[in-house]
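Peer 1: With chain A held as given, fit chain B onto it using these hints.
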Amino acid sequence: MSGLVDDKVALITGAGSGIGRASALAFAREGARGVVVADIDPDGGHETVELVRATGADAQFVACDVTDAAQVDAMVAATVGTYGRLDCAHNNAGISLTPRGFTEVRLDQWQRVLHVNLKSVWLCLRAEIRHMLTREGGGAIVNTASAAGIIGTPGNPAYAATKHAVLGLTKTAALEYIRHDIRVNAVCPGVVRTPLVEPALEIPEFADRLLRVQPGGRLAEPDEVAQAVVWLASDRASFVSGEGMLVAAGAVAR
Amino acid sequence: MTTDLEGRVALVTGAGSGIGQASAAALARAGAAVVAADLDHDGARATADLITGAGGTAAAVRCDVTDEGDVSAAVAFAVEQFGGLHVAHNNAGIGAPPALTVDVLEADFDRVLAVDLTGVFLCMKAEITWMLEHGGGVIVNTSSGAGLIGYPTAGPYVAAKHGVIGLTKTAALEYVRRNIRVNAVCPGTIETPFIGDLVGGDDRARAALLRTQPGGAFGTPDDVANAVVWLCSDAASFVTGAALTVDGGAVEAQGVLLDH
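In order, the protein sequence lines correspond to chains A and B.
Residue 172 in my numbering sits at position 172 of the first sequence, and the numbers go up by one each step.
To convert, count from 1 in the second sequence and add 1000; that's my numbering.
Looking at chain A on its own, in the form it has when it is part of the complex (with noise of 0.2 angstroms):
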């Protein structure tokens, strides 16, 4: 049986955990030849790597503070002198505060969230399409977003401020290398279980309020993401581009 992926060398940033973890065994499952797990944190990026190894598929950790554009230059670098070429990637690596209201939001909190997770896919979108444009065969990008980038979300103006503009990036970039063969799409989740989310849910007021909001009564499963991923990463989806991809359940529905 064919994969979606098959023999594409994939990276994902955030990969030790939540929806990167997902994202990295599906495209293993997907026939991936070789998948670089990124991650800040080598624990959760190191158990990863053992859990896609142990489906018999190819992986590589590389430790990457995605903030930091040399680090992130080199991560891409890293992947390309491993499998020799980067075909897909997935910037996923994010962070969120814990609820509270916009006027209790300090500086620096803010900035720790606008460096984490939209600079981030600024400075990976740079490296990975850098290498991209230097063969052919284009490539395919998937930037996590979120449902928080298409609606406000009260209680996170740092998360949804954040996420509407990694859809800015990924609309932008979009248009500008469509002509290069390099597709450059975004996933928005809904609430997904994942180590993200669980401090919120300790909050049982938010838990509940997040649960009454979810149009088919749960939250979304990692993997759940990661299918819409691969396949936006994959050849099955050649014509799609600039698409900010809901997966939500109805959660936002227009």
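Please keep in mind that the hints were generated in silico from the structure rather than gathered at the bench.
Backbone N, C-alpha and C define an ideal beta-carbon position, used for all residues, glycine too.
Incorrect hints may appear among the rest.
Claimed, not checked - Looking from chain B toward chain A, a few residues come up when the C-beta cut is under 8 angstroms (computed):
| # | residue |
| --- | --- |
| 1 | R1029 |
| 2 | G1163 |
| 3 | L1244 |
As the list claims (entries may be wrong) - Chain B side only, calculated, beta carbon under 8 angstroms to chain A, not exhaustive:
| # | residue |
| --- | --- |
| 4 | P1097 |
| 5 | T1101 |
| 6 | A1107 |
| 7 | I1128 |
| 8 | T1129 |
| 9 | P1152 |
| 10 | A1159 |
| 11 | A1160 |
| 12 | K1169 |
| 13 | L1173 |
| 14 | R1178 |
| 15 | E1191 |
| 16 | I1195 |
| 17 | D1202 |
Peer 2: Showing chain B alone in chain A's frame:
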């Protein structure tokens, strides 16, 4: 319902030129006392003079919207000068030299995000903090058509203006029960110094930009200012979280080959 802003105090950032200047003047014509804030203090003064010369009420303040202290001081200045803050138009913004995503300079990325997104965040935070303690208010942020769709060679600007819409919707939802409305205007290509900088006197670049206009003409700062005044007025009392395009249809025309 009316667009009368008599008795209200309005703060406009980036009021020294372009859309901000037109908005400050229009808010003053609607009856508001206006604080014209700009990094360019002379520009802010010129706008205030324009307003007072026409019989309106205005004062000028220098404000770097990326500096939390400056922003707090601007809000405090409005309260000192005119006794409150009821209306805010967070409009200050910059662009960067056109560059593809791989060619954008890190310094340009940081600067555009600092002014166009962090600046709006800091202004909203200071304004909302004051409004929550004083019965509410109205905020309009200047986003852009680039807050809704992608524009090649303007990655950081597009990102920041999308982000402004995220902030707008979030704050609108957070404070709708506290009598604070928050909306955005999304201007298309408006005849301002900003556009002059963008095309740099290049007639062909100007013509290319004109071809993206379904109506074959750029908008004027007053086109945007009129929308701002309406959004800030009681006539728009049930409007919050909106991103109103004022662009002559340019966003809707994206992807359509225009032949002018």
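Peer 1: Next step is simple, just say for each hint if it's right about the structure.
Peer 2: Quick rundown of the hints versus the structure:
1. R1029: 31 angstroms, violated
2. G1163: 4 angstroms, holds
3. L1244: 15 angstroms, violated
4. P1097: 15 angstroms, violated
5. T1101: 5 angstroms, holds
6. A1107: 11 angstroms, violated
7. I1128: Interface hint status for I1128 (chain B): holds (5 angstroms vs cutoff 8 angstroms).
8. T1129: 5 angstroms, holds
9. P1152: 5 angstroms, holds
10. A1159: 4 angstroms, holds
11. A1160: 7 angstroms, holds
12. K1169: 3 angstroms, holds
13. L1173: Hint on L1173 (chain B): holds, closest Cβ of chain A at ~4 angstroms, below 8 angstroms.
14. R1178: 10 angstroms, violated
15. E1191: 24 angstroms, violated
16. I1195: 19 angstroms, violated
17. D1202: Hint violated; D1202 (chain B) Cβ to chain A Cβ min 20 angstroms, cut 8 angstroms.
When held up to the earlier numbered hints, the structure conflicts with 1, 3, 4, 6, 14, 15, 16 and 17 and fits the remainder.
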